[in-house]
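Each residue of the sequence shown is one higher than the last, beginning at 0 in numbering that gives the first Met the number 0.
If you are wondering where the hints come from, they were derived from the structure by calculation, not from laboratory data. Only a predicted model underlies this, so the values are computations on that prediction, with no experimental measurement involved.
The following label-pair restraints were derived from C-beta to C-beta distances:
#, residue 1, residue 2, range
1, G601, E525, 28 to 38 angstroms
2, R370, D283, 39 to 49 angstroms
3, D283, D112, 19 to 29 angstroms
4, G176, I461, 40 to 50 angstroms
5, K87, Q132, 16 to 26 angstroms
6, A650, R678, 21 to 31 angstroms
7, R500, R177, 35 to 45 angstroms
8, N48, E563, 51 to 61 angstroms
9, T316, R646, 54 to 64 angstroms
10, D582, G527, 28 to 38 angstroms
11, N48, R370, 39 to 49 angstroms
12, K310, A98, 22 to 32 angstroms
Below, simulated EDC-like cross-link-like pairs (lysine to aspartate or glutamate); rule was C-alpha separation at most 16 angstroms, straight line:
#, residue 1, residue 2
13, K380, D463
14, K658, E615
15, K262, E314
16, K87, E151
17, K557, E575
18, K165, D374
19, K670, D681
20, K491, E217
All C-beta atoms, glycine included, are put in the ideal place defined by N, C-alpha and C.
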Amino acid sequence: MADKKTNDELELFENARAEEETVAESPPPPVEEGPRKFDPLHAEHGPLNRMIRSNFLEYATYVICDRAIPALEDGLKPVQRRIMHALKEKDDGRFIKVANIVGHTMQYHPHGDASIADALVTLTNKRYLIEGQGNYGNIFTGDRAAASRYIECRLTPLARNEIFNKELTEWIASYDGRNKEPVSLPCKLPLMLMLGADGIAVGLSTSILPHNFIELLEAQIEILREKKRTPVELNLLPDFQTGGLMDVSEYNKGNGKVKLRAKIEPRKNNRLVITEVPHGTNTDTLTTSIEDAVKKKKLAVRAIDDFTAEKVEIELTLSPGASQEKTIEALYAFTKCETSVSSRLICLRENRPVEMTIDEVLRENVAQLLRILEDELNLRKAKLLDDFHNKTLVQIFVENRIYKLIEECETYEAVFAAVYKGLEPFKKKLRRAVVDEDIEMLLGVRIKRISLFDIEKNRKDIDDILAELAEVEKNLGALNGYTIRYLKRLIKEYKGQYPRRTESTSFKVADVRELTATELQVKRDENGYIGTNVKGEVILECSSLDKLLVVWSNGQYKVLQPPEKLFVDDSLERCEIFDRDKDFTAVYTDARVTYLKRFKIGGAIMNREYFMTLGEKSKLQLLVDGTPEAIYVKYRPAKGQRIHQQRFSPADIAVKSVKSRGNRMSTKSIKYIGAEPGRWWDHDDEGAMPEGVLL
Numbered sequence: 000m001a002d003k004k005t006n007d008e009l010e011l012f013e014n015a016r017a018e019e020e021t022v023a024e025s026p027p028p029p030v031e032e033g034p035r036k037f038d039p040l041h042a043e044h045g046p047l048n049r050m051i052r053s054n055f056l057e058y059a060t061y062v063i064c065d066r067a068i069p070a071l072e073d074g075l076k077p078v079q080r081r082i083m084h085a086l087k088e089k090d091d092g093r094f095i096k097v098a099n100i101v102g103h104t105m106q107y108h109p110h111g112d113a114s115i116a117d118a119l120v121t122l123t124n125k126r127y128l129i130e131g132q133g134n135y136g137n138i139f140t141g142d143r144a145a146a147s148r149y150i151e152c153r154l155t156p157l158a159r160n161e162i163f164n165k166e167l168t169e170w171i172a173s174y175d176g177r178n179k180e181p182v183s184l185p186c187k188l189p190l191m192l193m194l195g196a197d198g199i200a201v202g203l204s205t206s207i208l209p210h211n212f213i214e215l216l217e218a219q220i221e222i223l224r225e226k227k228r229t230p231v232e233l234n235l236l237p238d239f240q241t242g243g244l245m246d247v248s249e250y251n252k253g254n255g256k257v258k259l260r261a262k263i264e265p266r267k268n269n270r271l272v273i274t275e276v277p278h279g280t281n282t283d284t285l286t287t288s289i290e291d292a293v294k295k296k297k298l299a300v301r302a303i304d305d306f307t308a309e310k311v312e313i314e315l316t317l318s319p320g321a322s323q324e325k326t327i328e329a330l331y332a333f334t335k336c337e338t339s340v341s342s343r344l345i346c347l348r349e350n351r352p353v354e355m356t357i358d359e360v361l362r363e364n365v366a367q368l369l370r371i372l373e374d375e376l377n378l379r380k381a382k383l384l385d386d387f388h389n390k391t392l393v394q395i396f397v398e399n400r401i402y403k404l405i406e407e408c409e410t411y412e413a414v415f416a417a418v419y420k421g422l423e424p425f426k427k428k429l430r431r432a433v434v435d436e437d438i439e440m441l442l443g444v445r446i447k448r449i450s451l452f453d454i455e456k457n458r459k460d461i462d463d464i465l466a467e468l469a470e471v472e473k474n475l476g477a478l479n480g481y482t483i484r485y486l487k488r489l490i491k492e493y494k495g496q497y498p499r500r501t502e503s504t505s506f507k508v509a510d511v512r513e514l515t516a517t518e519l520q521v522k523r524d525e526n527g528y529i530g531t532n533v534k535g536e537v538i539l540e541c542s543s544l545d546k547l548l549v550v551w552s553n554g555q556y557k558v559l560q561p562p563e564k565l566f567v568d569d570s571l572e573r574c575e576i577f578d579r580d581k582d583f584t585a586v587y588t589d590a591r592v593t594y595l596k597r598f599k600i601g602g603a604i605m606n607r608e609y610f611m612t613l614g615e616k617s618k619l620q621l622l623v624d625g626t627p628e629a630i631y632v633k634y635r636p637a638k639g640q641r642i643h644q645q646r647f648s649p650a651d652i653a654v655k656s657v658k659s660r661g662n663r664m665s666t667k668s669i670k671y672i673g674a675e676p677g678r679w680w681d682h683d684d685e686g687a688m689p690e691g692v693l694l
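Input sequences plus hints: build the corresponding full structure.
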């Protein structure tokens with residue numbers, strides 16, 4: 000499989016090294032005469048700069064490779080690998096104090112005991128590798144584990160059987176040179192995808208979500224069965240211990256985002272029960288977020304009771320008349336009942352950071368599984384051949400009384416020669432040549448064993464060895480089939496222990512504005528105040544997410560969040576939810592001239608004062624939504640005045656910006672104006688009056 004291209008941030012330390020070598024090899028820039036401005040990018044630097052570059056490069060490399068990022072080969076970070084190695088060394092099948100394991104791990108891990116204990120507790124709570132006894136905290140409530148001196152642990156059968164093999168392990172010296180530790184464990188499991196991982200290093204971070212163990216094994220079988228020309232399409236999804244619901248539409252094979260939700264069940268007596276929480280949250284943070292939402296009046300919940308122990312159970316009692324369906328939507332919209340987690344799969348492959356997909360990682364795991372199983376079969380084959388050789392030699396040595404030939408030998412060399420000569424006629428029964436070590440083994444056979452030698456039992460043992468050897472050679476010849484049978488055995492053994500916990504579904508995004516449309520009530524009192532914290536007449540119901548448009552009688556306006564208390568005096572003209580694209584029609588008078596305009600308010604900076612008229616001395620005569628069919632005007636009586644009322648058609652003018660002056664309407668003093676003819680309108684005078692003209 001071709002290596003995936005590594006992005007710039009993954010090659011941070013390589014770029015730094017290349018730049019350092021370039022600076023060291025390139026000749027210094029020519030010295031120019033006269034003073035010039037210092038350029039830190041091109042000026043020659045001294046040893047301090049080179050030391051800082053070198054130290055930073057070493058630190059970055061160390062954090063990336065030896066602390067934060069898991070290895071593709073065994074799926075473990077260094078501290079986890081050292082914990083597992085320490086547990087294997089101490090393993091006798093019984094529980095061991097965690098404090099003892101922490102102390103033993105410190106022989107290999109050059110950091111404090113607290114980091115080791117935390118990593119061990121985290122691994123134990125993931126269930127696959129370490130079995131715990133005692134208080135390991137609670138992943139549902141967020142409670143911490145007891146001190147390491149009070150709790151115990153041991154390897155699980157899965158870990159004991161599937162991730163260790165001394166003969167296949169590469170060893171290096173520990174940090175102080177006193178011990179040997181594994182470079183990586185010969186792991187046959189897709190551990191990195193099983194466990195998941197989070198890590199922050201210099202210049203990069205990784206976030207690998209956990210997947211279901213059984214589904215990973217089934218996907219590996221699909222890969223082994225696929226044909227070269229038709230690669231199988233894997234559909235692997237995360238699975239979290241806390242359960243819940245998830246939307247993986249943006250997962251993108253491990254390099255995207257997953258939306259998570261709590262599982263909420265409606266019950267009788269207008270109650271809701273949360274039975275599963277999203278990954279990354281717990282019942283404590285969840286109930287806190289619900290309480291905050293209740294205080295902000297976003298949830299109609301009367302009581303919250305947390306009965307969580309081994310299972311999550313948070314009971315919500317709703318307020319009288321509240322809808323269960325709408326409350327569930329509000330819980331997802333305003334609390335941590337819905338969260339999202341990002342996923343970015345970065346790991347170490349051959350000690351280099353690479354970005355991969357879930358499919359690529361699993362295919363690498365399958366290739367590694369094939370190699371390890373083949374190596375194990377070859378090791379078993381070699382051991383069986385040795386056993387066959389030794390048992391056959393002993394049988395020949397005893398049955399044919401070759402040991403009698405050494406009774407009169409006077410030197411050790413003569414003994415060797417006599418045994419070699421005695422075995423010569425039986426070489427065809429052996430599968431390899433006889434060497435000095437074989438003679439040493441035969442000479443070490445005790446007289447008691449010779450006297451009690453059971454020919455039939457020895458022949459049966461040899462037949463069993465040959466039968467097993469034939470089976471091993473058969474498996475080596477059909478490695479794919481052997482690997483599939485191995486995976487099926489694991490599935491059969493562990494399917495009941497590791498069911499899928501998180502349900503995959505698609506989420507309907509809740510309309511938050513619709514849910515909170517009547518969340519707040521803006522009131523107006525007798526003293527000229529409006530706001531949500533004012534006692535008086537309700538003038539508007541709105542959401543806390545809404546912006547309000549407040550307009551005064553002189554045409555001044557503001558866009559602001561729903562205020563708790565705002566002084567508007569008696570000159571308030573209008574208060575409504577702000578819509579920048581809404582059309583308005585306004586009539587205002589300034590310096591005895593009346594204007595008519597159609598406009599959109601458009602964008603506005605919050606809490607800044609604007610005017611839809613010419614200024615503070617203007618007077619807003621009329622402000623209506625949209626474009627009315629006509630505007631009816633009744634003028635004040637004046638000496639010599641012939642026209643007493645007029646009708647204007649605002650549709651004749653174009654919609655402009657809120658800053659436009661508008662069209663001149665009249666210089667007469669207006670007594671009444673409206674978008675509909677009022678009781679003041681003289682219908683008998685309609686035929687004689689001229690149509691209003693907008694200039």
